[in-house]
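Protein chains: 2
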Amino acid sequence: MKRVVIVGMGFGGLEAARALAGKGLDVLVLDRQNYHLFQPLLYQVATATLEAPSIAYPIRSIIRNWPGVRFQMTEVKGVDLDARQVITEEESIPYDYLILAVGSVTNFFGMESVKQSSYDLKRLADATALRNHILTMYERAAQEDDPEKRKALMTFVVVGGGPTGVEFSGALAELARWVLVKDYPELHNERPRIILLEAMDRILAPFSEDLQRYALHRLKKIGVEVRLNTALAGAEPDKVYLKDGTVIPAYTLFWAAGVRAHPLAEALPVPKAKAGRIPVQQDLTIAGYPEVYVIGDLAYFEQDGAPLPMLAPVAMQMGRYAGQAIVKRERGERMRPFRYSDRGTMAVIGRNAAIAEVFGRRFSGFVAWLIWLALHLAMLVGFRNRLLTLINWGYDYLLFERQIRLITRQERERQIEASLEQARSA
Amino acid sequence: MKRVVIVGMGFGGLEAARALAGKGLDVLVLDRQNYHLFQPLLYQVATATLEAPSIAYPIRSIIRNWPGVRFQMTEVKGVDLDARQVITEEESIPYDYLILAVGSVTNFFGMESVKQSSYDLKRLADATALRNHILTMYERAAQEDDPEKRKALMTFVVVGGGPTGVEFSGALAELARWVLVKDYPELHNERPRIILLEAMDRILAPFSEDLQRYALHRLKKIGVEVRLNTALAGAEPDKVYLKDGTVIPAYTLFWAAGVRAHPLAEALPVPKAKAGRIPVQQDLTIAGYPEVYVIGDLAYFEQDGAPLPMLAPVAMQMGRYAGQAIVKRERGERMRPFRYSDRGTMAVIGRNAAIAEVFGRRFSGFVAWLIWLALHLAMLVGFRNRLLTLINWGYDYLLFERQIRLITRQERERQIEASLEQARSA
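Residue numbers (our numbering), protein chains in the order written: chain G, 942 to 1367; chain S, 942 to 1367.
Hints listed in this document are in silico derivations from the structure and should not be mistaken for laboratory results. One thing to keep in mind: the hints can contain errors.
Heads up, the list lumps identical chains together, so a pair's fine if it works in one copy or across two of them.
[Stated by the list, open to error] Within a straight-line C-alpha distance of at most 30 Å, the following computed DSSO-like cross-link-like pairs (lysine-lysine) qualify: (1) Lys-1092 x Lys-1184; (2) Lys-1018 x Lys-1090; (3) Lys-1018 x Lys-1123; (4) Lys-1092 x Lys-1018; (5) Lys-1056 x Lys-1213.
Next comes chain G alone, as it looks inside the complex:
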């Protein structure tokens, strides 16, 4: 039986595995986590709206009903393209077909000081870390006597006017305005500042101008200071430096201004495109390696003169294509070239407010928000996750609440791991 190895169980890998299930192939799925993560809702975990388990789903329970699909939790260290082997820390795994779907990581564009002092949102742990940090800053502010320092503790700088930056800023502003204001009576003379920095002259670049204007208006209305044409120069744990010389005293910096291909791409002996992505051919394989498919954020694919964006819908369509292409090739059939069909984009700015370009039409406000809710609920894996998410959203919506505002640092976990490591190496 021929073996297909899929590296990464994000949106792309998941769809590829689904397309390959039950087709008489040995499909081995590798991921360093044991769950599929619904990344677009990470910001809701970071802003205390959803529990982490609502947006993560165990891979083994997804593939349980997919014949021929196996899972192995492991971190892939490299690929030997000529020997057709995936290299993990423990072993080398031979493949007949390979689907690389390891996605992207945060791009700090070499700004080491920003990397050291900022939070980003790519993994589940990033979201709980950011939530812990935000709430800890409130706790520290409540005990702080120095007004300057208190102000800095309650200043939250978000970099990047894309969907993540905008959605996070909106959710944080509402958390501050409706929930934390009730939790911290000590701070009721203090106004938290949420500052959204964008290097370009507009936010949400892929949307049409009227929707961008609407988003800007909504953000300002819920108290987010948006600064366009403003670039970051560097950061310290309690300061943010702008290119124009301004210094913003702030203990929280959230970086959502760029991603680049997963470091695994670097190690591959193939040419790279912008942001380290791997250029793929019309059938999503690498030139010279027809058995290797590269999909999702990792793949650089131009369509109609522009590269496809690093978005979940692109990854999903690519994953489905790669899976189907392998099945067809095994049957001796041919596959049409890949073509991404854009079904729309959306972003939510806050309660009752979103923008959407779907079905060839533009929506804003409450209707767009309802479309956003329905679509995201439908896309979550598993009935239980949908139900719990609906309850959490409904509860927060009706009561102006946020239930998950726990500070859950894992001290004990660190201690245990350290002592186990010590004992093992002794």
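Starting from the known structure of chain G, arrange chain S on it as the hints suggest.
Here is chain S on its own, set in the frame of chain G:
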């Protein structure tokens, strides 16, 4: 206005604060966490049944509607009884009345090797760490070729036949039997071993003999090996040593065989009783310090010739008493001596199976299990927690599922904290 400082927001502290709210006193509540934790259900987080946020509730949202009650998140380092001050890392906080309710920590009875190589369940992070560990052992076993090592990876040793050890063993056996067996087809020839060690000749000592027998029978039925009269001698990360010379190869050791008073007690210049607890007078104050109340696990209080057990109901009644006593003293009234009214004990052994001694009667099996469910649901703080817990329980019950089986190590959190620390100290 006179100030009451409450240290610790477990079951005792919470009830004390509730009794003191709106009584014209300045009530300051201190806790190192920002949430109240429902400790008796920690084992359900560790066995992938409940999400962490379902059993934790933000303190600020509890006290929001309690007039005069304030919260400060801080770790108390000591108490200056003569100066009437609580000492934290940042400051000294003067008090007129003090309620010490810091609870207990795990007691390893000086067995350093056990402490280094075992998991315990006192804090929320302990539960997620243990869940991560159990699932990681399964993942490692699925990739392990050496049959001896595979066996050790799938051997789980639980020490302590009290409610925590029994409830955890039962829940783990069911997790293994109904859920993980479907998740890990690679391991379907392997039987996980769950071994419960108890130093005495019976489990669940406080229960009557027939209920103990029932519990033992149920544990065996769901596949738990119970070894009575068996004491631990030591441990390594992959081995458990028994007093009788037996060596059990096992990568998981869960210690639930003892607690002792919180280390804060040691620093106080007052006599100590067994397990480091502080002996209190009939009104729960310390001899010589009538303004200092000690409640919950921390307090050593004899009633009818025996010390009260370290249980949530005892802490709750003590907390209510201490709060009411302070209110009465301020009004110049007298309070009757404290007396614990035992309303019953219960333990759950698994699906449809529990034992309960309540309302002066004994129950076992399905009825006891329903009583357990109803009581624990009712005791959880917050309607949302009850609803989500009910859904999780119902879902798992109907579908023989466990939804939260995520491995969520917080690597990124550790990195961020380390670099922030470094940057701060530089």
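Structure-inconsistent hints, enumerated in ascending order: none
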